[in-house]
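Residue numbers (this note's numbering), protein chains in the order written: chain L, -12 to 478; chain W, 16 to 330; chain R, 114 to 384.
In case anyone wonders, no lab produced these hints; they're calculated from the structure.
Any given hint might turn out to be false.
A few chain W residues that face chain R, going by a derived Cβ cut-off under 7 Å, partial list only [to be verified]:
1. 28
2. 32
3. 36
4. 45
5. 173
6. 175
7. 176
8. 214
9. 228
10. 231
11. 303
12. 304
13. 305
14. 308
15. 310
16. 311
From chain L, some residues computed to sit far from chain R (all C-beta separations above 10 Å) [unchecked claim]:
17. 122
18. 206
19. 209
20. 225
21. 299
Even glycine gets a Cβ: it sits at the ideal position worked out from N, Cα and C.
In case you want the letters, here they are:
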Amino acid sequence: MKTINISRALVLALFVAGSAHAAKTDVTLGMQLEPPNLDPTGGAAAAIDEVVYANIFEGLTRFGPDGSVMPALAKTWTISEDGLTYTFELQEGVTFHDNSTFDADDVKFSIDRAMAEDSTNAQKQLFANIESVENVDGAAVIKLKTADGNLLFNLAWGDAVMVAPESVETLATAPIGTGPFIFKNWVQGSQIELEKNPAYWGEEIALEKATFKFISEPTAAFAAMMAGDLDAFPNYPAPENLAQLEADPRFAVVLGSTEGETILSTNNKQPPLDNVLVRQAIAHAIDRSAIIEGAMYGYGTPIGSHFAPHNPAYVDLTGNSAYDPEKSKALLKEAGMEDGFTTTLKLPPPAYARRGGEIIAAQLRAVGISVEISNLEWAQWLEQVFKGKDFGLTIVSHTEPMDIGIYAKPDYYFQYDNPTLQGLMVDYNAETDTAKRTEILQQAQKIISEDYVNGYLFQLAKTGVASSKLKGLWENSPTQANDLTGVYWED
Amino acid sequence: MLHYLIKRTLILLATLIVASLVVFVTIEVVPGDPASYMLGLNAQEDTVAALRAELGLDKSRVARYFSWVGGLVTGDFGTSYTYRTPVADMVADRMWVSLPLAIYALLLSTLIAFPAGVYAASRRGGTTDTVVMALTQLGVAIPNFWFAMLLVLLFAINLGWFSAGGFPGWDAGVFQALKSLTLPAIALALPQASILTRVMRSSLLDVLNEDYMRTARAKGLTRRQALWKHALRNAMVPVLTIIGLQFSFLLAGAIIIENVFYLPGLGRLIFQSIASRDLIVVESVVMLLVLAVVLVTFLVDLAYAWVDPRLRGAR
Amino acid sequence: MKLRSLLPGAVLVLLFFSAALVSYLWTPFDVTLIDIKSRFQSSSAVHWLGTDHYGRDMLSMLMVGARTSIAVAIVAVGIGMLVGVPLGLAAAANRGRFLDEFIMRGNDLVFAFPALLIAIMITAVYGAGALNAIIAIGIFNIPVFARLSRGAALSLWKRDFILAARAAGKGASRISVEHILPNIMNLLIVQGTIQFSLGILAEAGLSFVGLGAQPPIPSWGRMLADSQTLIMTEPQLALYPGLAILLTVLGLNLLGDGLRDWLDPRLRRER
């Protein structure tokens, strides 16, 4: 180790001296969670997309770094007058990594497979509105059941990537896609290696090799960055260590936004939480700044509704739930709960939930609400909270983009049932005019904010750490991905 | 002896069968469905059902128990729900971390305990003895995960001699692999070494008090010669027993240490598999560890019976 | 030799027991109050041991943590004794017969499961919490006490005074309670102390991996787990809870050794 440190110091010294040096062409990224398998069309784990999205697999469309929908395997598309038929012209000369060619039949296969009755696609609802997919003279023609402005957006998801019938059986362990990187090796429990695809159809990439290392312990992540074992940790797990990393000139800390609205989710059907006064009392009992500081060490943007602040349609509604314990107590009294009450707070594993939960419990206790905390694994959380609806409060970050629509589902786990909002979302989906769509979204934000459906806490920040010479990583996280196509080393 | 051997073997098998039932029943009642865990928040009911069918989770419990046990006997541990790879392969991979770690820790512990125990026994009541005994008191009392944290703080973060955790794989070279196992092995070995030192010392002292030792001394051997020639060999039985038990403990008991150093070993595999409700993996690994413990106990019992025929009737 | 370990052991144990007891009545600060603004303070006249990552007073946390650790370990060992000792006595009274074999094989079965594994499985089924930690640790104490009391009782059954009691027509269970139990009491107390110290370590380990007492109840193991990511910047947060565990366990072990020498010098040789 000593010698390695010395050689690194020498290399650094050479850099400083301005000596000519070929740019590095390999990169090692840290990730907190290891993907269970590498098939993005057969599992929900975010870690799958974080390795394969845009690197190994591509879809007809894709998300850009700012969350906009861009063409990918579809070069162009035309939409019929009635909005029911989409005709996608495909990129030419595209091959899968096993050298089989990609054409409209593969599009039909991929989408049919995701829609099929026995499909195990975790986002099957993305395809619910598709009537059929056909190969018409080399173009992929998708027919819809009803006009839908969301198709291009839906097709950009990692769950809608293109796969080939020849390799579909082994996607989980040996993924074959059309992307700029080829899957090379997976040392389970440790790392996954990708290498450059020389036959890539698109623009040539700068990297020859990429390695994803899985380091779940924050302490170890810190040590690995410090030791130079990693070039970047795009979603650095311990905000408490960022100040130290930032102080080190070798690293750049990049703060970006995510689609994760972190909320104190409330069971709207469980007394006394079914009373809007009680929910409002909870909202005013919560000091968001203390939670963001205490749980996330200051990284995070307060929100007052279920909507991402970087979205153009965002309205700042944090004033509706300003920290005011006295008002909270008064509201509890008005609701006939001046002696307080007891409820449950069930917390999934992420630090934002576990730490945020402890702080919220203390804040609620201060206004007389006593909270029983139980820490759950994700599987238990899904069973008890998400499916069983057996909870009073929980904390979770909803990371899907543009997911305000969940408030229009009365049987969704927090069980908010408001016909006005449900009608609004129906209008939204049918509306094609951007200004009107924005207006509807703003109205919806206000309704759920004033109904205090959930406690709106903060927008999760993307806290990335990278070597200061590594460029081209996504700053924000519009979808869960580590797109390496534009990554390069600065000399 | 043969009668005893047969009886012990039958008991061994019965224990394993009961244990497999206990493991299966306990784990099957664990709430949480592997399929809905894998598919996440937006999954539709029919998707979950399709995945359950694909994983074979829709079969009856009895059928699954027998296919599991049948597989175990033939070495087919089934296929992991989440990783979609054979459990046997995963276990084998993890074994290449857990087994070397256990052996490494055991070697360290023995290398510390033997000289320390012998030295303390040969200088019974002296200053060295007192210091060694005091140190072993500390070693027994220190929580090994805390000791591990202190090791990380000193050797990984402050001095940078070792990495704070992780395992590069044996492909990265034996030296690199052993290096990454060093801090965990030390953390595991310290309490074990303390126990072993105490056992070593007291068992030596017991032997030194036996009549034949006095005879040996009377025949003109020096205290040290007597110690090396006679006492050590006779004191080995209890020491080897403890080493055997420590080995199975180290194999299964490293769970927390594997977590501190995020080593991809068996313990961590169990933790992860429980969290993701990968039940078949949990069942198989637990059963494997139980097998290891039972086998070691079995061998220790046999060794005892061999050394001391009186014991054959007693148990 | 006796006083050398008995006295320091007793002092350490007394220190942590009284800290735990006092915490029921008074702690320097309320450990349920979270004050982010005053987090990570170093030792001062107000906060003797500084404050943690939520601005809670470390000394108060350690005091309340002592009571969690001690309560869990004491109840767990109690369960082990209450179940294990009668089983062991019954096995000894029926030595060589089916009941004996049955109890001892059951013991082997429990011993075959690594303790931590059972704890993890229990908490996976019933959820994490102090109660389940108690059950998990308690289960592992049953065979320890069963084996110990059976072994000790077996040698007593051969003694003259027991034979006399049998001749007087007393039944096996009456003999076990009236004559055997009092005679193995010292042994049980000594072993109880040792098991108690192991219980403290086990509780700390379970809380460390998040399977022990749940927040907001402080526990030493969880304090250590919380300090893990802060060890670079705030190492004292990892130091104090670890020292507390170390000293309590050390105290109990010294006390156990001392008691053994004091109560029955012969036991020293036998071990």
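Non-interface claim for residue 122 of chain L versus chain R (Cβ beyond 10 Å): holds (49 Å)
When the least beta-carbon distance from residue 28 of chain W to chain R is tested against 7 Å, hint result: violated (12 Å)
Evaluation of the interface hint that places residue 173 of chain W against chain R, nearest CB under 7 Å: violated (9 Å)
Hint check, residue 304 of chain W versus chain R [nearest Cβ-Cβ separation less than 7 Å]: Holds: closest Cβ of chain R sits about 6 Å from residue 304 of chain W, inside 7 Å.
Chain R contact restraint on residue 228 of chain W - CB to CB distance below 7 Å: Violated, because the Cβ-Cβ distance from residue 228 of chain W to chain R comes to roughly 15 Å (cut-off 7 Å).
Per-residue hint verdict: residue 176 of chain W, partner chain R, C-beta under 7 Å: violated (16 Å)
Chain R contact restraint on residue 311 of chain W - CB to CB distance below 7 Å: violated (10 Å)
Status of the hint placing residue 305 of chain W at chain R (closest C-beta pair under 7 Å): holds (5 Å)
Minimum beta-carbon distance criterion (7 Å), residue 175 of chain W to chain R: violated (12 Å)
Cβ separation check - residue 225 of chain L to all of chain R, threshold 10 Å: The claim breaks: residue 225 of chain L does not keep its Cβ more than 10 Å from every Cβ of chain R (closest is about 5 Å).
Status of the hint placing residue 303 of chain W at chain R (closest C-beta pair under 7 Å): violated (11 Å)
Evaluation of the interface hint that places residue 36 of chain W against chain R, nearest CB under 7 Å: violated (10 Å)
Comparing the model with each earlier hint shows violations of hints 1, 2, 3, 5, 6, 7, 8, 9, 10, 11, 15, 16, 18, 19 and 20; every other hint is respected.
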